[in-house]
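K.L.:
Chains as they are written, first to last, in our numbering: chain A, 1 to 113; chain B, 1 to 111.
It cannot be assumed that every hint is accurate.
Stated by the list, open to error - Stretch-level coverage of chain B by chain A, calculated; a stretch enters the list once three of its residues show a Cβ under 8 Å from a Cβ in chain A: (1) 45-55; (2) 79-92; (3) 99-106.
Just so you know, these hints were derived from the structure itself, not from any lab. Here the structure is a predicted model, which is why all the values come from computation and not from measurement. Where is the CB? At the ideal position from N, CA and C, for every residue including glycine.
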Amino acid sequence: DTAVSQTPKYLVTQMGNDKSIKCEQNLGHDTMYWYKQDSKKFLKIMFSYNNKELIINETVPNRFSPKSPDKAHLNLHINSLELGDSAVYFCASSGIGTSGTQYFGPGTRLLVL
Amino acid sequence: LAKTTQPISMDSYEGQEVNITCSHNNIATNDYITWYQQFPSQGPRFIIQGYKTKVTNEVASLFIPADRKSSTLSLPRVSLSDTAVYYCLVVPPSGTYKYIFGTGTRLKVLA
Chain A
1 DTAVSQTPKY LVTQMGNDKS IKCEQNLGHD TMYWYKQDSK KFLKIMFSYN
51 NKELIINETV PNRFSPKSPD KAHLNLHINS LELGDSAVYF CASSGIGTSG
101 TQYFGPGTRL LVL
Chain B
1 LAKTTQPISM DSYEGQEVNI TCSHNNIATN DYITWYQQFP SQGPRFIIQG
51 YKTKVTNEVA SLFIPADRKS STLSLPRVSL SDTAVYYCLV VPPSGTYKYI
101 FGTGTRLKVL A
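Here chain A stands alone, though its shape is the one from the complex (with noise of 0.2 Å):
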């Protein structure tokens, strides 16, 4: 039972290319979460989904789209990847009467080439 679930794990492209990355919570939860992880490690918050609206878009690029069909999704598509664009991608989850806690995915590992 994956309670957050990222498609795919690992994600090879060249540089220029659109992709798309999928995720899932089955734990009903309200809110989710993109966040992006650098080389350095960094783990910087992207955008946030509440009740499919969305709620905090950080300062990203445009080329970065997310896209939430239902409150158990919420994709992340990227136009023309560059190559500072490879890094692991979180989704997260966390709902009401949580006191916040977030609840990760296992990551997808974009590299650009």
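Let chain A serve as the given structure and place chain B on it in line with the hints.
P.N.:
Just chain B now, kept in the frame of chain A:
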């Protein structure tokens, strides 16, 4: 959200108790103190959360002094598998949680 400061790295030996201290001088009255653990190639995992005094669970203990400007995560009798990065965060009790992860503390447990 309050900024936190914690040691960059620590080494310990198996079987020892490890204490990692975090300072959060600007913590707000209603903020909770939360610790996460991240193993290599995995996402962060919630360990423990507290508001004041002491909290204990099956994994760790969290000590919070009265002024709440710091906290100490205590890991009893660590093993090699406790080698990980430990993050301290302060978060509000409700609303959407814009977590700000600092550098964390890289704990290395030696045999």
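K.L.:
Indicate, hint by hint, whether the structure satisfies it.
P.N.:
Checked hints:
Beta-carbon proximity to chain A at under 8 Å applies to 3 residues in the region 45-55 of chain B; the threshold of 3 is reached and the given coverage holds. Counting residues of the region 79-92 of chain B whose beta carbon lies closer than 8 Å to any beta carbon of chain A gives 4, which reaches the threshold of three, so the coverage claim holds. Figure legend: the region 99-106 of chain B, annotated as covered by chain A; annotation consistent (5 residues with Cβ-Cβ distances under 8 Å, at least 3 required).
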